[in-house]
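Asker: Could you put together the complete structure from these sequences and hints?
Chains P and Z supply the protein sequences, listed in that same order. So for the first sequence, my numbering puts the first residue at 1; every next one is plus one. So for the second sequence, my numbering puts the first residue at 1; every next one is plus one.
Bear in mind the hints are in silico, worked out from the structure with no lab data behind them.
SDA-like, lysine to any residue: derived pairs with alpha carbons at most 20 Å apart: (1) Z:Lys125 with P:Asp272; (2) Z:Lys153 with P:Ile14; (3) P:Lys195 with P:Thr271; (4) P:Lys135 with Z:Asn261; (5) Z:Lys62 with P:Glu112; (6) P:Lys86 with Z:Ile35; (7) P:Lys85 with Z:Asn31; (8) Z:Lys121 with Z:Asp196; (9) P:Lys270 with P:Leu192; (10) Z:Lys126 with P:Ala3; (11) P:Lys195 with Z:Val299; (12) P:Lys86 with Z:Val299; (13) P:Lys270 with Z:Ile134; (14) P:Lys85 with Z:Val299; (15) P:Lys119 with Z:Tyr61; (16) Z:Lys296 with P:Pro83; (17) P:Lys195 with Z:Met136; (18) P:Lys270 with Z:Leu129.
What follows is a list of derived Cβ distance ranges for each label pair: (19) Z:Arg90 with P:Trp124: 42 to 48 Å; (20) P:Leu11 with Z:Arg206: 28 to 34 Å; (21) P:Gly244 with Z:Pro186: 55 to 61 Å; (22) P:Cys179 with Z:Lys62: 48 to 54 Å; (23) P:Leu11 with Z:Pro241: 24 to 30 Å; (24) Z:Leu46 with P:Glu53: 34 to 40 Å; (25) Z:Asn159 with P:Glu53: 36 to 42 Å.
Sample of chain P residues facing chain Z (criterion: CB under 7 Å; computed from the structure): (26) Tyr5; (27) Met76; (28) Leu90; (29) Tyr92; (30) Cys97; (31) Leu115; (32) Ile222; (33) Ser236; (34) Val267.
Here a beta-carbon is modelled for each residue, glycine too, at the ideal position from N, C-alpha and C.
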Amino acid sequence: MLAPYLILLFLFGILPLIMAIFNVPSKSPSNPNGGWKVFSIVLHDFRLVPAAEHVLGFMAIFVPLMIFFVVAMSLMLDVNSAPWKKYVRLAYIVPACVSGSVAVLLWYVLLEPTLSPFKSVMHWLGITQASQIWKTQNLTFILAFMAFFALAGQWILIQFGSLQSISTEILEAARVDGCSQFQMAMRIKLPLIRKYVIYMGVLVFAGGLQIFVEPQLLNTSIYAGIANQWSFDQLSYSLAFQNGNFGEASALSLMLLVPSLIGALLVIFKTDMFEDVTLKSPKKLAKEARKREAAKA
Amino acid sequence: MSINLKGKESTPTAKRAKRRRKVGIGHYAVNVWLIFWAIISVIPMLWLILAPSKSDRNLSYKNPLSFGHISGYWHAWKNLQDFNSGVLARWVFNSITYNLAIVLIASLTASLAGFVITASKIRFKKAFLISTLIMMLVPPVALVIPLFIEMNKVNLIDNPWSVILISSLYPFGAFLSYIYYSNTIPPEIYESARLDGCSDFRLYSRIAFPLSYPLLALLAFFAFVGNWGNYFMPYIMLPSPEHYTLPVGLGALFFSTPAINPGNGATSVPILKPEIALAGILIAVPVMIVFLISQKRLVRGMLSGSIKE
Numbered sequence: 001m002l003a004p005y006l007i008l009l010f011l012f013g014i015l016p017l018i019m020a021i022f023n024v025p026s027k028s029p030s031n032p033n034g035g036w037k038v039f040s041i042v043l044h045d046f047r048l049v050p051a052a053e054h055v056l057g058f059m060a061i062f063v064p065l066m067i068f069f070v071v072a073m074s075l076m077l078d079v080n081s082a083p084w085k086k087y088v089r090l091a092y093i094v095p096a097c098v099s100g101s102v103a104v105l106l107w108y109v110l111l112e113p114t115l116s117p118f119k120s121v122m123h124w125l126g127i128t129q130a131s132q133i134w135k136t137q138n139l140t141f142i143l144a145f146m147a148f149f150a151l152a153g154q155w156i157l158i159q160f161g162s163l164q165s166i167s168t169e170i171l172e173a174a175r176v177d178g179c180s181q182f183q184m185a186m187r188i189k190l191p192l193i194r195k196y197v198i199y200m201g202v203l204v205f206a207g208g209l210q211i212f213v214e215p216q217l218l219n220t221s222i223y224a225g226i227a228n229q230w231s232f233d234q235l236s237y238s239l240a241f242q243n244g245n246f247g248e249a250s251a252l253s254l255m256l257l258v259p260s261l262i263g264a265l266l267v268i269f270k271t272d273m274f275e276d277v278t279l280k281s282p283k284k285l286a287k288e289a290r291k292r293e294a295a296k297a
Numbered sequence: 001m002s003i004n005l006k007g008k009e010s011t012p013t014a015k016r017a018k019r020r021r022k023v024g025i026g027h028y029a030v031n032v033w034l035i036f037w038a039i040i041s042v043i044p045m046l047w048l049i050l051a052p053s054k055s056d057r058n059l060s061y062k063n064p065l066s067f068g069h070i071s072g073y074w075h076a077w078k079n080l081q082d083f084n085s086g087v088l089a090r091w092v093f094n095s096i097t098y099n100l101a102i103v104l105i106a107s108l109t110a111s112l113a114g115f116v117i118t119a120s121k122i123r124f125k126k127a128f129l130i131s132t133l134i135m136m137l138v139p140p141v142a143l144v145i146p147l148f149i150e151m152n153k154v155n156l157i158d159n160p161w162s163v164i165l166i167s168s169l170y171p172f173g174a175f176l177s178y179i180y181y182s183n184t185i186p187p188e189i190y191e192s193a194r195l196d197g198c199s200d201f202r203l204y205s206r207i208a209f210p211l212s213y214p215l216l217a218l219l220a221f222f223a224f225v226g227n228w229g230n231y232f233m234p235y236i237m238l239p240s241p242e243h244y245t246l247p248v249g250l251g252a253l254f255f256s257t258p259a260i261n262p263g264n265g266a267t268s269v270p271i272l273k274p275e276i277a278l279a280g281i282l283i284a285v286p287v288m289i290v291f292l293i294s295q296k297r298l299v300r301g302m303l304s305g306s307i308k309e
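Answerer: The following block contains the structure:
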């Protein structure tokens, strides 16, 4: 009964990695004798540094913005539970329904001064032509904001959910002690949802590193050439499908997998996000409990 | 957010009254901001839903959030159907059938796996759970190129089964099921049933499955939401237009019509912005309906295992 899942896990989780590793040293025009030096060839590819600059710049805006905004919004939602907030939460989920090609369509519209629902704001800012916005050097900001807008709402709801797990006794005790709402948010709620924030951080980081669809569609279909081999994944795509160099493409994919793997292992082993999943042995849990007791004393 | 109290109040009552007043202003600002963000969140979707009611020209000249005429939707739909001899209907059909297959296979394999891990004493339980968690936390896009190489080897490129099978690997679902079964069904039930000579499969079909409807709804929700709008995987695996899904088809509409790129030159059927917007609605609105109905499932699913209800 476990077999169907295990077969899928092996075929599409493990086997592709093995095949990619075997593909790396294959012969190619850039690596005529084959061999593992293909990693160094990829690292010296002239397109890698710009792609790294783009993606890291994108992440430097996107990841902190996400974490700060989502945490702040969920804490604000949690200040009290007014009935109208139910509808606000429903509204926050709406941008999550728009992904991939629809997101590109909508952002084309939002940033097109003749079409945009925000055109009065844009005219006020002096923007009358799309070419004032859609430039390669602005793309880092635009894509960061696109990704932020698509993901923020659902994470606000998830972090709001994690805030609901805090026991009312703790909050009541703080209130009796004269804790203000702001102090309560910063000193009590935030430390208690820390692991969920790290969980979000890792997922957001790993996803951001693999940005592909938005720049690719913008580049091929809307503003030709604006994001040519802009991200790592686009570079790896173009190595594979334009240059037919699957060795280099696999090498780049495998290198990109490393940070995601580190992030995953970090969440699994360094936070207690999944500790109930018996990942830790009872012995270790007991040891940690003793440590906590000792720290308290 | 509240404001710190400064200044000298003589009596505690005055202090409290002042605090209440200041807190009131802070609350007011916070609430206004929360509502403002809610409005910002829905405006793009609102534009999309209203767009096909207007003509291409009026999209630029009329108020972006005004409603044109109901016949606009019909008109745009007819034009879309005439595009490349009705390939759009094919894309809708593909999207529905692929996703149906994915949701079914993924939910079933994941719930079976979660059940077995909970109910029977198998070896390598920890290794299994860790590998599942790793797969769950690594974004699926990271494996697209290696998967392409694999599918190419077995000649499954341009075969819809490549996308269906790959997307049916559902580690998050297996994890959810494991949490669900270990929290809902007491282990004594398994043991006593097994003593009575009940096989694992009977245990699942007679006891676990009837208790799993909330779980299956959760699994189907995440499988659908995660795959319906997926672009990268079908884009790479299924190059022929007759195998496109709706999201890939929408990308092709941008690419091949003058709707967004006037440089593309006219197509035989007028595919303009209202038509493109209608295609966008076909992708976004099903997900929106599912999301709005099961908003709570999203939160419960993403936090399961770490929060006890």
